[in-house]
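All chains should be modelled from the sequences, with the hints used to inform the complete structure.
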Amino acid sequence: MQIIKTGKIYDAIIVGSGAGGGMSAFIMANAGMKIAVVEAGPYFDPKDPATMTQMKWPWESPRRGASTNRAFGDFDMSYGDWEVEGEPYTQAEGTNFKWWRSRMLGGRTNHWGRISLRFGPTDFKHKDVDGLGENWPIGYDEVKPYYDRLDKLVGVFGTNEGLPNDPDGFFLPPPKPRLHELYYMKGAKKSGVPVIPSRLSILTKRINPERGVCFYCGQCNRSCNAYADFSAGSVFIFPAQKNGQVDLYTNCMVKNITTNDEGLATGVSFINKEDAKEYKLKSKAVVLGASACSSARILLNSKSSQHPNGLGNSSDHVGRYLHDSTGSELSGFIPSLMDRKIYNEDGVGGLHVYSPWWGNNKKLDFPRGYHIEIWGGLGMPAYGFGFGASAMNKYIGEKVGGYGPKLREDVKRFYGASIGIAGRGESIAQYENRCTIDNNTVDRFGIPVLKFNYQWTDYERLQAKHMVDTFEEIIHNMGGTVLGEKPGKEKDYGLLAPGQIIHEVGTTRMGDDPKTSVTNKWQQLHDAKNVYIVDAGPFTSQADKNCTWTIMALSMRASEHLVRQFKKKEI
Amino acid sequence: MKRRDSIKTLLVGGVASATLATTSCRSDSEVLGENTEIKDKGYGRTEAEKLHDEKVQAEICLVEHELNTIATLCDLILPASETAGSATEAGVPEFIDFIVKDLPTHQLPIQGGIMWLDGESNRRFEKQFVDCSNAQQKEILDDIAFWDEEDKTPELHPGRIFFDRMRNLTLTGYYTSKMGINDLGYAGNRPNLWDGVPQEVLDKHGLDYPEAWKPKFINHETRDDAAIWDDNGNLLN
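Here the protein sequences line up with chains Y and U, keeping their order.
Note that the first sequence covers residues 2 to 572 in our numbering.
Note that the second sequence covers residues 735 to 971 in our numbering.
No lab work stands behind these hints: they were computed from the structure.
There are no misleading hints in this set.
Chain U is nowhere near these chain Y residues, computed Cβ spacing over 12 Å in every case: (1) P122; (2) K128; (3) K243; (4) K283; (5) K285; (6) W376; (7) K452; (8) K522.
Here are the simulated DSSO-like pairs of lysine-lysine, each with C-alpha atoms no more than 27 Å apart in a straight line: (9) U:K948 with Y:K190; (10) U:K938 with Y:K190; (11) Y:K568 with Y:K9; (12) Y:K187 with U:K938; (13) U:K886 with Y:K407; (14) Y:K364 with Y:K187.
From a predicted model like this one, the values you see are computed outputs, not experimental measurements.
Note that the Cβ used here is the ideal one computed from N, Cα and C, for glycine as well.
This is the structure:
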């Protein structure tokens with residue numbers, strides 16, 4: 002196969018166009034740098050009627066939105082999920098890691114929950130509190146200015162609460178809670194669990210002329226055609242393209258980073274999925290924003306005489322300390338929510354309230370915390386609606402089963418009477434939890450794939466136990482009954498498989514010591530100063546928060562560092 | 735696509751008309767409802783997904799007798815009400831015909847379940863289920879539509895399991911159709927300005943928004959004014 006080269010030398014090549022890569026493109030293009038963005042999936046614009054799913058009705062899909070083709074259903078806007086055709090991954094024995102990939106411009110940001118939580122001061126230095134894991138080489142004060150700018154640049158609603166580890170910000174006004182959320186507030190209060198307005202990157206108020214304001218369809222997971230939610234394509238890539246500084250390479254799967262005799266990056270090699278040919282692009286710097294595991298894979302597949310163990314991997318730390326958020330959940334039936342008056346309560350796409358972590362780990366048998374997300378309400382039916390409708394009768398002492406007119410009544414009586422409560426928590430990063438290259442397996446493009454090795458510990462299991470115990474208590478406080486069986490010890494208290502929460506971080510962790518970390522505190526490879534990583538790979542630890550807001554704040558910080566180095570001709 | 739002389743062609747063949755007319759699906763049904771057209775485009779599919787849909791639609795799985803049995807069962811499960819049409823009028827048999835191909839885990843239980851049902855009706859009435867009188871059909875359903883808590887008739891369990899699946903698919907097919915969503919009363923999927931739970935609902939449930947929160951909520955009057963904050967993060971407009 003002939004490798005196609007071009008003479009052009011970019012100032013920087015960015016791999017990936019999601020939260021981290023998109024932000025980096027925005028920063029560097031606005032600083033006047035000439036950029037290439039290489040994205041493994043197709044072009045995508047939420048406005049394009051040919052691909053749009055927003056405002057579609059379930060009957061427009063012959064399977065009524067079932068998950069045959071997309072893990073979260075037909076209308077979810079992610080091309081790719083835990084399975085991507087032609088892109089397998091393998092597991093060490095006893096491992097069940099689920100690796101999500103969204104192959105499209107904007108990546109996962111087109112469908113994510115928009116839950117946008119800053120990490121707090123403790124989250125960056127948690128080892129100081131409990132002796133576990135590792136401290137970040139930076140603290141909240143160093144990241145705060147970037148969070149502040151991010152809030153204003155991208156937009157996030159919420160409220161300033163003055164909480165010590167859930168910092169305030171520059172918020173747009175939050176929507177009023179829905180009925181089941183008011184019930185949750187009451188139930189949680191009884192258990193001493195705080196509830197505050199949620200913090201989602203959805204525009205409830207205008208922030209600039211380019212983006213619209215939310216019209217409350219509740220479908221942010223379908224990606225908003227008015228650009229009223231944060232998606233990296235509409236918010237970062239399109240504006241970055243305006244001054245002609247950005248060349249976009251879509252459907253191009255990066256294979257490796259090329260390096261020179263000094264061990265510095267000279268560009269990337271990629272497979273164009275449209276003609277199945279390999280191309281080489283040159284640049285003065287390479288920015289990896291391919292997602293924590295994809296970036297680790299590219300580094301590990303970038304072997305050279307200068308970097309025999311893979312680029313940036315002299316420490317043997319690339320791929321290590323992979324960790325996802327913990328997750329467990331319960332759903333409940335709330336009789337007081339039966340026979341509801343029906344009105345439009347779509348609201349924004351996601352929860353209107355949430356519970357930040359409130360516990361004191363000194364009095365608990367597990368480290369670190371979790372936040373609580375809830376769902377429920379008068380949602381739009383899709384495949385699965387009505388399954389087991391009659392079964393709800395057992396909770397009100399009526400006969401289960403039947404057919405005919407009574408079923409219609411059942412469906413209406415129970416519509417909106419269920420709620421779900423989910424915990425998303427912090428796990429402890431482990432040295433042995435990692436991804437490596439599996440040289441026995443290649444993907445459709447001939448690139449060796451990742452092999453995962455990941456085990457939860459009792460820290461996470463006991464945290465999941467605390468979750469389901471708490472949720473059960475709150476459901477009872479709401480006058481409700483737990484639906485189904487509360488998962489016990491034999492089921493790890495419902496602890497979901499690693500990767501299922503889609504918050505994987507840590508594979509190229511940052512640190513001051515090149516022997517125990519992959520990047521420095523500016524997210525620059527210790528081993529090659531013109532390679533930066535702007536996805537969640539450099540996270541030294543996850544927090545009891547979602548990672549996206551921190552990916553973006555840190556990508557802004559790292560990308561501006563790159564710009565400064567570039568202008569000083571350091572790279 | 736190869737046309738076959740059966741209801742299959744009409745049901746899955748991507749016929750270009752907005753309304754499908756068929757007489758074979760249900761003896762008293764002349765015209766099926768407005769949602770029976772199976773679209774092969776128009777809901778934001780990728781090329782690979784379009785191919786998948788075309789492939790599934792071209793496949794033949796259920797035969798005419800099975801579809802007739804499904805139609806009969808659907809309308810026993812959800813007959814027309816005073817204000818809404820029946821399951822077949824909402825296109826539920828067409829949905830089931832598609833979904834057993836799209837999600838093949840349904841295939842064997844549905845096909846085997848229909849065989850079981852015919853076996854049972856033959857045993858009782860020496861007729862296939864669709865040929866039984868309405869009263870006879872209901873007599874069988876009355877025995878399999880409820881769970882047998884005390885395990886008195888385990889020989890009917892296969893029927894119960896089959897009927898539970900049919901009930902689930904009928905309800906989901908119906909309430910995801912236009913007719914079903916109207917019947918349910920779902921009021922969303924349209925642009926609006928969410929301003930909280932209606933006061934009468936709050937009153938009925940004895941709930942209210944916390945006083946401290948009220949000044950912080952969205953004011954839709956100023957939604958188009960670009961946000962300005964002071965240095966401490968207080969929104970000024």
